[in-house]
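Protein chains: 2
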Amino acid sequence: MKLSPLFWPIELKGKTIYILDETLLPHKVKYIKAKDYKQAVRAIKDMKTRAVGQVILVFYIFLLVIRKNKNKKDIKPILFKLAEIINAARPTLSFKYLTDMVLGWMVSGAPLEESILGFLETLKNKRIQQARAMSELLADGDSILTHCNISGQMPAIGEFARQQKKHISFFATETRPYLQGSRLTAWELQKQGFDVTLISDNMVAQIMHEKKINKVIVGADHLAQNGDIANKVGTYQIAILAKHFGIPFYVLCPPASRAKTGKDITIEIRPQVELLEYQGIKLAPKGVKGYYPAFDVTPNNLITEHIYLDIER
Amino acid sequence: MKLSPLFWPIELKGKTIYILDETLLPHKVKYIKAKDYKQAVRAIKDMKTRAVGQVILVFYIFLLVIRKNKNKKDIKPILFKLAEIINAARPTLSFKYLTDMVLGWMVSGAPLEESILGFLETLKNKRIQQARAMSELLADGDSILTHCNISGQMPAIGEFARQQKKHISFFATETRPYLQGSRLTAWELQKQGFDVTLISDNMVAQIMHEKKINKVIVGADHLAQNGDIANKVGTYQIAILAKHFGIPFYVLCPPASRAKTGKDITIEIRPQVELLEYQGIKLAPKGVKGYYPAFDVTPNNLITEHIYLDIER
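Protein sequence lines correspond, in order, to chains A and B. Using numbering that gives the first Met the number 0, the first residue of the first sequence is number 0, and each one after it goes up by one. Using numbering that gives the first Met the number 0, the first residue of the second sequence is number 0, and each one after it goes up by one.
Heads up, a few of these hints could be off.
Note that identical chains are pooled: a pair holds if it fits in a single copy or bridges any two copies.
[What the hints assert, rightly or not] Straight-line Cα separation of at most 27 Å, BS3-like style, residue types lysine-lysine; simulated pairs:
1) Lys242 to Lys214
2) Lys1 to Lys288
3) Lys281 to Lys27
4) Lys242 to Lys262
It is worth saying that the hints were derived from the structure and are not from the lab.
Whenever a hint applies, use it, and build me the whole structure from the sequences.
Next comes the structure, spelled out in structure tokens:
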């Protein structure tokens, strides 16, 4: 099946990691070449990749360092140190559960390269299965609203729907302030020949009222044990609106975290300049304050169905 | 009382109309000088002024033409023609009810200059009364969310609250795609020393959830006879969210039109390029579609209280 470049935005070839620079999309499709862990960690810090790309990259950084240190007698101290460096790459995002997995395999004596490659292969397959499971809930003629970007999952859902002879179309919110909807979702859907229409984030009620969409599908950055999810800010209000209009609201979930409910999830507050400027253009008068909570929590009771990623930790 | 430049953005001095160029705000405060009706109608076509500015400008264009034709024996044919030109200035906006007022005074033999000046004076006073009526519904410590721009009414409400010794603060949605919230509302509130914070349009549920605001005040472009209103797109979903969170939702209304309900109000669909580009920067990949309904209708049952503009037509 054809996959979006965003579905698997990182590749490791020999001793070079290729990182899709998502900050240049949609105008340029360019891969950053990282030849050592420092360049790769820099790409995380600079947010050149995001979401699933960051997860894949963490594992590829380990692989790269392992390959580069084949002749070392004891690689353990190197990988412990590396895990620390990766964990510190972004203050508000925890990579610890990923680096802990690798350190766990190492300590238990599992074959490291095989464990990492096996995990990534499983991740890819499970994500494809997740897209297929979602596609099976769709009906011919559905028009789907989505928000932000689910790392290539929307086109994958679309491809499965095609295989099932269902004609579906998409609406994407532009997703201010970073415009992932315009720059990533609309781009990857259009690239694969799907019918996609952009709206601004304040047009959701209007297109629901006009019955231009009949299903909502979003991703999640975080799944709590009670089914609450955290996702890009704006998800919560779309869920409330979907309930108001009686429109089903589906969530493609990552594995559940240790958070019991959404209340246990900390919302990252990002720098206001990201809201007040766009590509150097000042959008607001000097000195005006902005408030930018990057995520919000959608409670379980607004979610019609969770589509789980059936993967072991 | 100190009024925002947006409260009365048009002035007529002698035979020159000064039009606040709202497209340059907030970075430049510049008035366009219109010395004849053609320049003034051009400013309407180019959307240099909007909302109440357009209403005021229509009357000042008549005044200008009347003053320039003092010596004409019969000004009637000139004004009939002028009304036609003004009515055609924007295809989707009807100025006919305004030009009909002037033609009505003319046909009935009322003193024209006095009638126009009297009407504008009344309009100004009634708008100030409307802001005061709204301010009286506020409590000390209120934090108000607003959307788009209500032509200087928000700072006026703030000034009245100050007189009443109530401390209030504001949140403004940026209001994509034209950013009236950032460029106009935040600007005019900050200019008068009010505490104002910008959010993007997808953060409304989150700040309601965080209890950062406890009242919503918006304007309306259109009031139907049953109390439904049409306003800048995004208003409808804020009203649904306000109901969900139990937050009062107030609307500053214009005089009611002949529309019986919101269903009789036509929603203007604007060019998609206004959504897909900002100041020449392409926000979306080439060829992706956009959909831009400029307004939406908020049904009466979502409105806690209408603040009427008590003015005779």
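| So which of those numbered hints doesn't the model satisfy? | none
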